[in-house]
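Colleague: Here's the letter readout for the chains.
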Amino acid sequence: MLWYKAWLETRSRFLTCLATLTIFCAVFVGHAQTLLRREWTADYNRLLFVSQQYIVIVWVLAVVLLGMGGIVREKATGTSSLTLSLPVCRNRLLMSRVGLGLFQAIALGIVPWTTIFLVSSLARMPISISQVAFYTTLLIAGGLSYFAMAILVSSSVEGEYTAPAVAFGLVLISAIAFDAWLRPFSLWRLVSGDYCIDRQTYLVSHFPWRGTLASISAAILMLLASMRIIQSREF
Amino acid sequence: MISPAILTHDLTKSYGPVPAVRDLNLAVQANRITAFLGQNGAGKSTTIKMLLGMVRPTRGEGTVLGKRIGDAEQNRRLRQNVAYVAENKPLYGYMTVEQTIRFASSFYPDWRTDSEKKLLHEYRLPLHQKVKTLSKGMRTKLALLLAFARRPELLILDEPSEGLDPVGIEHLLQLLVAEAAEGVTIFFSSHQIAEVERVADHVCILNAGRLALNASLDELRQSYRRIDFVFPSLPPEREFCIAGVEKIQTAGHQLSLFASRNADAVVERGHDLGAVSIEVAPVGLRDIFLETVKEN
Chain A
399 MLWYKAWLET
409 RSRFLTCLAT
419 LTIFCAVFVG
429 HAQTLLRREW
439 TADYNRLLFV
449 SQQYIVIVWV
459 LAVVLLGMGG
469 IVREKATGTS
479 SLTLSLPVCR
489 NRLLMSRVGL
499 GLFQAIALGI
509 VPWTTIFLVS
519 SLARMPISIS
529 QVAFYTTLLI
539 AGGLSYFAMA
549 ILVSSSVEGE
559 YTAPAVAFGL
569 VLISAIAFDA
579 WLRPFSLWRL
589 VSGDYCIDRQ
599 TYLVSHFPWR
609 GTLASISAAI
619 LMLLASMRII
629 QSREF
Chain B
102 MISPAILTHD
112 LTKSYGPVPA
122 VRDLNLAVQA
132 NRITAFLGQN
142 GAGKSTTIKM
152 LLGMVRPTRG
162 EGTVLGKRIG
172 DAEQNRRLRQ
182 NVAYVAENKP
192 LYGYMTVEQT
202 IRFASSFYPD
212 WRTDSEKKLL
222 HEYRLPLHQK
232 VKTLSKGMRT
242 KLALLLAFAR
252 RPELLILDEP
262 SEGLDPVGIE
272 HLLQLLVAEA
282 AEGVTIFFSS
292 HQIAEVERVA
302 DHVCILNAGR
312 LALNASLDEL
322 RQSYRRIDFV
332 FPSLPPEREF
342 CIAGVEKIQT
352 AGHQLSLFAS
362 RNADAVVERG
372 HDLGAVSIEV
382 APVGLRDIFL
392 ETVKEN
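Sequence lines, in order, name chains A and B. Numbering of the first sequence is given in this note's numbering, commencing with residue 399 and proceeding in unit increments. Numbering of the second sequence is given in this note's numbering, commencing with residue 102 and proceeding in unit increments.
Looking at chain A on its own, in the form it has when it is part of the complex (with noise of 0.2 Å):
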């Protein structure tokens, strides 16, 4: 039932997320078809590429949005003390959070990219599925350091809109420092796609793995990071 409640706690955020980024692409993808010839493939093929780096930037916000919660901020409104109550440790309310934010987050990184591969179907601009899959897996593999991110944050910061404006800025800081100063690491690049499209063909060259790999163990670092916060805090 801690499922339960996680989800009642983020499904409107979620839905509207996840509308927000199928109504987008659709709209887009469909409407920049029209614009296009069909032996512009390659033309094509760079739109997909600017899609993915809007997609890139409503994923992120919506999965630091949906990081946001748990019993810090409930301790600002005023719950914890029940949901401190029952009979669960404090990493199995945890737990459920990130276990739902994770199926969140990948359902908002293929929605997307499903509704771009129909809608190209059905224009006759068919995109290759390795494309899909490669962008739909370098956003959630990749991107998973910006929900661990949130995680760790709302489980830091107490304050309903302290945490978020945290994370948020967070995010903001981090795109600007890495794009100014330490560009080959930039997270945001590396999600975007931006290090492994061929410029002449907008198509995938390689895949990043040791980019992806090195988000996955920072997201991975920043929720152990999050549990021993969790359990040392006090309510």
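If you're looking for bench data, these hints aren't it; they were derived computationally from the structure. Incorrect hints may have been included.
What the hints assert, rightly or not - If you want the footprint, here are the derived chain B segments under chain A, 3+ residues with CB under 8 Å:
| hint | region |
| --- | --- |
| 1 | 151-165 |
| 2 | 171-183 |
| 3 | 195-204 |
The C-beta atom is built at its ideal place from N, Cα and C for all residues, glycine as well.
Put chain B on the given structure of chain A with help from the hints.
Modeller: Relative to chain A, chain B alone:
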């Protein structure tokens, strides 16, 4: 002898240099209704939070239903048998009444569906209404339903009657007595002394983080007395500094005493000193509470 439901040994909690609870040695006997009294900020809520593992003690230890409060796993298991209703009656505003009940019931295998239905009917709770739209009284009723229906061994209530109308309060008090009769230990804090006097078997008064009084209500009623003397001349105040005399006040030829015990010895002393009038009156819990927190 039944072991205490709650037992603490030198339980202490400080927030930085500020002590919230100091060297608390508390023993709450099982199958009784124990009232936990104290002024605002006396440390009642902090004590309860320490018992339920929400706050870590700075020093000392304690057990609830025989399980150590400082051990996370033991604390989780003790919460299986403890129902807690916090002061502000926290509930998830985004759930409906029905969802809240289904959610809470899933954690307790002994959930009493009959009690749930009975209380739902008595409290007239709207099943499909969102909790955030309920009145304060209705929220209190829902919180109480969740606590009573889970078949706890120990019921910890923080200001349980807050927000209830007189009918609701009466119903709650009857419910507390009925639960205690079924063997449930009840530990509750309240500022409503009249309610405490009606249902409590035992009273603990916390003052500035310390346990200032710990006795059964019967003992308090038997031992506490207010004694008024009238003397022909100025009263000999110093002669009454004997064990059990908590407070002495003089006004002209009158002398008033507040005694926690030894009332007979005090009266005899008054006789010996030539008092022309002696009046001995029992003291209510309200006065005992006020004198205890003032005294400390």
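Colleague: Okay, the region 171-183 of chain B and chain A, do three or more residues pass the C-beta test at under 8 Å?
Modeller: With 7 residues close enough to chain A, the hint holds.
Colleague: With a cut-off of 8 Å between beta carbons, are at least three residues of the region 195-204 of chain B near chain A?
Modeller: holds (count 5)
Colleague: Would you check chain A against the region 151-165 of chain B, counting CB to CB pairs closer than 8 Å, and say if three or more residues qualify?
Modeller: Holds: 5 residues of the region 151-165 of chain B have a Cβ under 8 Å from chain A.
Of the numbered hints listed earlier, not one is contradicted by the structure.
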